[in-house]
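Peer 1: Residue numbers (full-length UniProt numbering), protein chains in the order written: chain W, 1 to 642; chain R, 1 to 233.
Hints may be right or wrong, so weigh each one.
With a straight-line cut-off of 16 Å between C-alpha atoms, the simulated EDC-like cross-links for lysine to aspartate or glutamate are [claimed, not checked]: (1) R:K188 x R:D34; (2) R:K39 x W:E326; (3) W:K337 x W:D394; (4) W:K337 x R:D56; (5) W:K346 x W:E398; (6) W:K337 x R:E40.
These are computed hints drawn from the structure, not numbers from a lab.
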Amino acid sequence: MGLKKSSSSRDINQKTSSPSLFSSLMKSWSHSGHSPTRSNSKAYSSSTTDNNNLGYASDTSSNDGTANQLTRKNSSRSGSNSFTNVNDIYRMTKPIMPTNHHHSNNHSSSSSILLNNNNTNTGNINSSTIKKSHHKFSDSNEDWSAVVDDYNMPPSMDFFTDYLSKNSNTNMMLGPSPVLSKKNSGHNNNNNNYTSGSSSSSNNSNNKNSGTITYPKLTEHNYHLELENERELQELNSKLTRINKFDQILSSSSIISLAELKKLSWNGIPMGHRPLVWKLLIGYLPANKKRHEILIQRKRKEYKTGIYHIFSPQHTRDQPTWHQIEIDIPRTNPHIKLYQFPSVQKSLQKILYFWAIRHPASGYVQGINDLVTPFFQIFLTSYLPEHQKAKVCDIDPETYLTEENFAEVEADSFWCLSKFLDTIIDNYIHGQPGIMKQVSNLESLCKRIDGQLYKHLKKENVEFVQFAFRWMNCLLMREVPIDIVIRMWDTYLSETSSDDNDGGVDSAGARKGSGSSNMKMMMNNNNTLSDGTVTPNGVAQNANDLINIPTHANESVNNNNNTNNNSGSNKRKTSLSEFHVFVCAAFLETWSNSLLDMDFQGIITFLQNVPTANWGEKDIEILLSEAYMWQTLYKDATSHWL
Amino acid sequence: MNATTNQATSIKLVLLGESAVGKSSIVLRFVSNDFAENKEPTIGAAFLTQRVTLPDDTIIKFEIWDTAGQERFASLAPMYYRNAQAAVVVYDLTSPQSFLKARHWVKLLREQSGNNIIIALVANKLDLCEEQAQPETEQEETEPRGNVRKVAKEEGQKLADDEGLMFFETSAKTGEGINNVFLSIAEKIPLKKKGNEQESATFNGNGQSENSTSSNGRIDLNARNGSSEACGC
Ligand SMILES: Nc1nc2c(ncn2[C@@H]2O[C@H](COP(=O)(O)OP(=O)(O)OP(=O)(O)O)[C@@H](O)[C@H]2O)c(=O)[nH]1
Ligand SMILES: [Mg+2]
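Take the sequences, apply the hints, and build the full model.
Peer 2: So, in structure tokens, the structure goes:
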């Protein structure tokens, strides 16, 4: 962490040399919605207070999704992010900020008004503003370019410093309090006491959690003392709260709001919800819950039939492919017990072989064996009781899965892997152009973000491909522990999820289908996954996508087009390869200071064995936030990438 | 490193060969005197270094690029062998397919680099060879005990003779023959010789490494496991 910290601050200092850059940095940082993740507490917990109350209430109030989308639109156009910044920073630095509950039907409009006033910095912040700002993170996800343009009030450097020091997990600095006290006095009626017990009365003065703890009024000098305990408590509470929020979204109506789900998932998905949420985000399951059962049965049957076929005598085995996979299976996650069990190895062999022969343009490429494991592992957890889910890596699935269950896990993993790889198939076709492109994008990004490091690498004759090839080919799975990868994928799947699934057109898949390497048989898959339901937003989006399909051979072009805001603010999509480059840039940046002292050998050796063994979720969350920030800042500059 | 760094002559070396023949295992054995039963496939390429002190106090620093074996990654290989002074082309003596691939690499290298590059052909996984009944060979695994050798030593030797390669049979698992590969290469590299022909036996048999713990980056010459005397199976 020391490394990380110093490198960030150095980086910031560089940034500040250019005022405009600095201001946009601040803006993007704060509005990124990921800034909460930089707090000591977990992503969820950083926004604990508002989650517990406002966040939850408002989220649940918007079952239909329409209100939220409206809100999103309003807020993202309000250009009020400077304030958001401040709030976020406060929120992070003061986890026990009062959580006034402002739940009302016109929540969205009122909050956007407040936000519009932000630039005047009247101090007229109330909890709804805070809550809103939280929303705004993800909101601005979709609309960030507008936000960047509108930004006009750089926060003071103090915020930044505080923010950074907090980020580094060392001593947390206290944000200015006047605004907070204002907040405290804000209106706070309309508490939606949530039934699960994680709710709290929302007055700052008696913010009770689980009915047992009363948060003391916050003052600067007791703040540090209270922090530790409170943080733990908040972490717990926020976890509970998040679980409840996911429950709510997933059960609230027959059509799941994927936009809501996406927003929430960006900051991490609770273990118990992951299997379902991943399937939804990736478009394996549609938003319409009524169709889940039918579709999943169909897909599982399809898989079974396919497997039956490729293991029947009619099928001539592709020996080289089979052999390569066979060799790689025991070499997959060799340090994790789960992957040593023959039952698991058998399943993975089937999934990978089936995938390979269905994708002859790429075939099986090493690294794909890594990419299947998060899906497999997560889908296994569906079959484990709550208290054992975390131990999925230690238990032989044969002890808790029937043969039928195995087939289910395999099928789900197979289809999700297929969806996932569809978006990055260029990484694995001949010549691996997708990876080459990403590597060169990373290089130009590094040049912009950290010229000093870039020059040093060049001086030492380090080629980016020498260390970054694997980062792209395995999506950093070789660089960070599997738990961290899984947390990372929450964000990846959320960031790149197509809201169009709301409308039932599996556009991501369809787009890919028009790409060079896809087989016709996969198109069939895409169609069967589609779901006929349409939301108002969905209609427009689908129309767009349908138009895009024939004209664009790859999704990245599509992605750029999606920056138009007309068809709903949740329109924006990021391509996986694009976002991943930003994550890699942030990853590289993390070690910048150390690298500057190294020669060629040191650099390459270091970057091949990056010390992430002890990383926790917050480390990856910092990285993801940074990636989001870079993406926001450099999106325009990089629009020609794709 | 230490002061002797300055005197080091570096040898740029690349490992080529089909996937899973044991390239990474060979390097791991050479660099860390270690073996891992299941190593993750190499993606792209991995860079490692190892220093060797020869009896005449010459220090050789190997700068090794261990490439990925899968065909899909082959387009990266030129970047790694382009500037290499030495190449180790590895095949798995239980896999004729991998021997074919080795031929291919040798041909390619000769085309690309002519005779400027020193090539060592290495038949790996000698421990799987049943007749290989050397006392120090640890066969604790439940390896297939049948005759798994599929590429005769003569075949490898012939290719080596035809193409002017050095030839070795090794086991990364037991360590047999591994150091010999690298030391023989070090011997052959012209610039390292300061006009002084070194007998291979000098550092083979009783050569002293000035610092023989592999943990600090020096190879232990005494750790050499026999030579590449192979079984005739
Ligand atoms: N029995 C035996 N197994 C070996 C030997 N060398 C390597 N292996 C095994 O062969 C498998 C592949 O070894 P690697 O070193 O990863 O092969 P590689 O050539 O680097 O493979 P790629 O990175 O995919 O190109 C591993 O499971 C090793 O444990 C050996 O000398 N004897
Ligand atoms: Mg390897």
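Peer 1: Look at each hint and say if it fits the structure.
Peer 2: Status of each hint after checking the structure:
{"no.": "1", "hint": "R:K188 x R:D34", "in the structure": "violated, 26 Å"}
{"no.": "2", "hint": "R:K39 x W:E326", "in the structure": "holds, 14 Å"}
{"no.": "3", "hint": "W:K337 x W:D394", "in the structure": "holds, 6 Å"}
{"no.": "4", "hint": "W:K337 x R:D56", "in the structure": "violated, 48 Å"}
{"no.": "5", "hint": "W:K346 x W:E398", "in the structure": "holds, 11 Å"}
{"no.": "6", "hint": "W:K337 x R:E40", "in the structure": "holds, 14 Å"}
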